[in-house]
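Q: The chain contents come next:
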Amino acid sequence: MLRRASELLIVLGVALALAACGGGAEPPSPSGGEAESPPAATPAGATISGVIKFTGTAPEAEPILMDAEPICADKYPEGAFTELVIANSNGTLQNVFVYVKEGLPDQEWPVPSEGVLLDQNGCRYHPHVLGIQAGQTLIIRNSDGILHNIHPMPVNNRPFNLGQPVVMDSEKSFPTPEVMIPVECDVHDWMLGYIGVLNHPFFAVSGSDGSFSISGLPAGDYVVEAWHELYGTQTISVSVAEGGTEQIEFTYTGS
Amino acid sequence: MNRLPFAPVLRRSLPAALAGLGLALVLSALHSSKSPASAQPSVDGKSIYLERCAFCHGENGDGNGPVARYLNPRPRNFTLGQFRFRTTASGELPLREDVITIVKQGVRGTAMPRWEGVLSEAEVEAVVDYLTTSFVPFWGTYDPPVIAIPDPPRVTAGMIEEGAIQFQELQCWKCHGEQGRGNGSSALSLTDETDRPIRPADLTKAWRYKGGSDLVSIYTRFSTGMDGTPMPSFYDVIDEEQRWALAAYVRSLQTGEPSGESVLQAAFTSQDLPTDPDDPLWDQADPTSYFLTGQVIVGPRWQTPGVDAVTARALYNSTNLALLIEWDDPFQDTQGGGIDVLPQAGTYVDLETFPQNVGPFADGLAVQMPAMLGEGVAKPYFAWGQPGNPVNLWVWHASDQVQEFIGTGLKTEPAAQANTNVAAGADWTDGRYRLILTRPLSTGDPDDIEVKPGQFIPIAFQAWDGSKGETGTRLSLSSWNNLVLEQPTPIAAYLYAGLAVLGVGAGEWWLYRRVRS
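Respectively, the protein sequence lines represent chains A and B.
For the first sequence, the numbering used here assigns the number 1 to the initial residue and increments by one for each residue that follows.
For the second sequence, the numbering used here assigns the number 1 to the initial residue and increments by one for each residue that follows.
It is possible that some hints are incorrect.
Listed next, with one range per pair, are the computed distances between beta-carbon atoms [stated by the list, open to error]:
(1) V155(A) / D400(B): 45 to 51 Å
(2) A58(A) / T133(B): 33 to 39 Å
(3) T133(B) / I139(A): 51 to 57 Å
(4) E169(B) / V155(A): 32 to 38 Å
(5) D400(B) / P77(A): 40 to 46 Å
(6) Q107(A) / P137(B): 55 to 61 Å
(7) D283(B) / G79(A): 17 to 23 Å
(8) I139(A) / N60(B): 36 to 42 Å
(9) P150(B) / Y76(A): 42 to 48 Å
(10) A423(B) / P59(A): 49 to 55 Å
(11) S479(B) / I139(A): 55 to 61 Å
For the record, the hints were derived by calculation from the structure and aren't laboratory data.
All C-beta atoms, glycine included, are put in the ideal place defined by N, C-alpha and C.
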């Protein structure tokens, strides 16, 4: 049940996609959550990859009381817990948004025509942290079929707050780069997610093995930033040669 | 007792706060006296803003003027660029006209007064242009998409039924409650754009719809959403017909707005007085509603009360009087006896630091009557009486039973009476209390007045909402009203009336005959 605004977005998306196709191969969609890297913007680009190390102790995940929503509660037979810090068993950290902060050539990067999915499932956001390009379609899905309101709270972009009372998709986009935009559901105060908006495709989110990979980069000197919702940001400067691969490593320390 | 960390700050800012509230009062007085707008040749939006708006909204438009911490809801922070009352899509800036409308109409139930009639049209436009261009991010950088509001259809019973279905399917009740009383399961955890707690509107109270309680306003609110609050836009979810149906249904929930009628008529019954609020006998008693306001006479003054209206019915028989008092309270608070750490300063309650760390307090309700009645006895002061002219308080708390007190003013704690002759039975269902208080007409207790038919007995109501941090003098209260026990009409009254009609008829017949002859 899309209306004018979303139709406009689709038209815009298609137009941008066509423009992008003119410039070269159409990249598939980047997404967060898993350790997938955004695709190559230039075929034989350079790669920055690495791992988010975690030392110390993570704060204990707190149980979420979902009694009011049995549809969601039933999806967690062992109970649902907060996702503030997810430390992996291999000494790494999940849900860290890694992106090229500085050093990119001054150019416009094509916006993928495919949207990025933010799924509300089990009264949680999947993925918990995601990256998207400015102007790229964000597909907001309600898989639960109970009332969610999708309520991002940006500073550099306009906010929105849409009620989704049934299983449905809504489409939106953020025109301006912003790291990070918190997303909340007021109906379920435990629901929290983050969206990183960039005007280029060089970002990734660390997955369940703590690794990330950003590829398709032109050769150059870059500042790469890592962002975690509790532990904040860190930067590393790195130079990559054309077609080369550089390994970097961020380390976050718990208590 | 713990000294509050904010107490010194409070004391220091006291003069400013009082001055600010004074100014706010003067401003509203200006409005109510409908003083003519000063016709100035040139209109300077900035000076109007600094003179009229900055005390609440702040010189920098950040909603943090000197009195902001005493207001709930807080004054709008223009620098966040989020506006509740718009005709544009969710998250978008309002139109210039939207801002002008709010400035002119004010926001009901808040400190924002109506400026129409105080400021001229040109002044309103100038101040709106000043604040939007000076403070609001993104202002003028794009054309916000408008949500078209078509002409409303005529409301039918079928529409209201369809709207009730929409209310269920859209799950409006998750915040607003099944009966619309603002008591949904998510209601307590809601926060605004500044992370301060915010409660969903009690849709049964027409006077609490900040953006207007008419059909078009309701339609507009859930179409556009209310930015900065948890209220989302449902524009993409239902079609126009369903939207009007939902608006019609929500409007049909509005009930019990006090009409200004002050007399509570107690109906006579020869039966036993009901102890069940659902007893059909109550249908014989006319409900009368009264507004309550926060207690702002002694410090700490309480400007944002929880209970702002009660509806009362009264029945009596040959021996007893029973009152059925109903009021909305979204959350039932039965646990009392909590710690109250507010300083007893002669100022308003600082909402930035309240009600954290106080309580728990139980909900409560009090009925107040004079302790003495009769010729030559003046009515006591409406708020707990005064020394020398006390009141009788029937105080019911959700944590325990009803007890009678003697009140001699807000500065003295009411004294428990030796005997309590009032019985209470209360029910809280889905955000609404129903309390029955019963007392013999004559108690024989020297602390109580005798209640006689035909007499005007001053009566007032007071309420406490525990989860809003209310206890003691932090309560809401009504002014004096009157309770009248209707005198059962004796048969003789009908007889005399009939005789009078007959007499007049006979006289006219005689006159008619005389004129004809």
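Q: Now tell me, hint by hint, if it's right for this structure.
A: Right, here's what the structure says about each hint:
{"no.": "1", "hint": "V155(A) / D400(B): 45 to 51 Å", "verdict": "50 Å, holds"}
{"no.": "2", "hint": "A58(A) / T133(B): 33 to 39 Å", "verdict": "47 Å, violated"}
{"no.": "3", "hint": "T133(B) / I139(A): 51 to 57 Å", "verdict": "36 Å, violated"}
{"no.": "4", "hint": "E169(B) / V155(A): 32 to 38 Å", "verdict": "34 Å, holds"}
{"no.": "5", "hint": "D400(B) / P77(A): 40 to 46 Å", "verdict": "43 Å, holds"}
{"no.": "6", "hint": "Q107(A) / P137(B): 55 to 61 Å", "verdict": "28 Å, violated"}
{"no.": "7", "hint": "D283(B) / G79(A): 17 to 23 Å", "verdict": "50 Å, violated"}
{"no.": "8", "hint": "I139(A) / N60(B): 36 to 42 Å", "verdict": "39 Å, holds"}
{"no.": "9", "hint": "P150(B) / Y76(A): 42 to 48 Å", "verdict": "44 Å, holds"}
{"no.": "10", "hint": "A423(B) / P59(A): 49 to 55 Å", "verdict": "53 Å, holds"}
{"no.": "11", "hint": "S479(B) / I139(A): 55 to 61 Å", "verdict": "57 Å, holds"}
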